[in-house]
Amino acid sequence: MSEASMYQGWMGRGYLPATDLTRVPGPPDRNMLDLARVTFVQGAMPPPVTREAVVAIGNFDGVHRGHADLIAHARREATSRGIECVVLTFDPHPAHVLRPHEPTPLVSTPIERAAWMHALGVDHVLVWPFDADVQSQTPEQFVQAITRFVHPRAIIHGPGFAVGRGRAGTSAVLAEVGRTHGFEMIEVVPVTAPSGDTTHGSPLISSSAIRRLVETGSIADASTYLGRLPTYLGTVRHGNKMGRTIGFPTANVHPDGPRATPLDGVYAAWVERNPLSSTAVFHAGAISIGDRPTFNGTIRLVEAFLPGFDGDLYDQELRLHFVARLRGQVRRQSGLFRRDPKQMEAGGHIGVHLRDQRVNALEPHLSPKACHEVQAEFLVIEVTIEPWEKCLNKTD
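Heads up: the sequence shown runs through residues 1085 to 1480, numbered per our numbering.
FYI, nobody ran anything at the bench for these hints, they're computed from the structure.
The C-beta atom is built at its ideal place from N, Cα and C for all residues, glycine as well.
Between beta-carbon pairs, the in silico distance windows are:
| hint | residue 1 | residue 2 | range |
| --- | --- | --- | --- |
| 1 | Leu1347 | Gln1228 | 39 to 47 Å |
| 2 | Glu1299 | Gln1126 | 26 to 34 Å |
| 3 | Arg1160 | Arg1263 | 18 to 26 Å |
| 4 | Val1365 | Glu1224 | 45 to 53 Å |
I would like the entire structure built from these sequences, with the hints used as guidance.
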């Protein structure tokens, strides 16, 4: 079995056969973060360096199957040498510094990346600040900065690797520097998509390809490329609370930075409370993404609905694990929302039916102009989440 296929269907601790990606899994395994094994280099005092390691360097956005394959190579090298496996990842993403007016939407946060790397067996993660100083370093200066925290004996990287001023620190150049500092450079070939799929622009699994898949609502393909469900981590912020007044409160989830967001629509998802911790709790839920024209708004929102949960989520972090896109947003000429009394069906079903209701229920909350606009055009969310396998027409 190839390294790539080993990681297809990875869901945290342990591995699932590739065929498991054709059905919907249960709640994801907890990817717990061990902060003792993460160093945020910016502002950190370098420890007395005794650690020798094989170091994998890259952005690792999403920690997808290609990244998992590269990390597996690094682990094998580290094991053969009897030393640690360390990953160096950058924050902020270099694209955010190089193109600040066009920030790249990311598939993951640094904290998520560290947790997934730990699950893949990485001993320590260095979160390296990418700023103007790092951008202007010579290859020698970059290596000297790294050696304040770890002694690399091999640096593992993907194709097109280059660091420093004018991207002068290529693999070949760093190999020359490594002769002085005692390390070698090892390039790992990228992982190709199943059957060399080029539907999404490239046969290679890459973070940019996954961003496109997520943003077009191609959740199944994104899951295949990632080896797990795509996620969205954010904090619950106060909205206008109008949903609560008509029977189905939602949590408005706001990311901390530019995040790859699925295409507007309604999704089945696992909603993780207390993410990346030993106390994480998973709820089956529905996620609505899009504008709220019904409420006279123009802001694109990511709203999570957790049937049966009535706790306070404000200012808490939630992580959404997208399972499937059920449909797009629907606009109709009548009605607003009505909560079906049979919200929770027997047998673990989630039945959420939001139907038509007269605009009178919202008149106290809307201006006369807004009421007129609402009466002219409504957004009706109709969500039915059946058992996961039935939802995707799959069986165990």
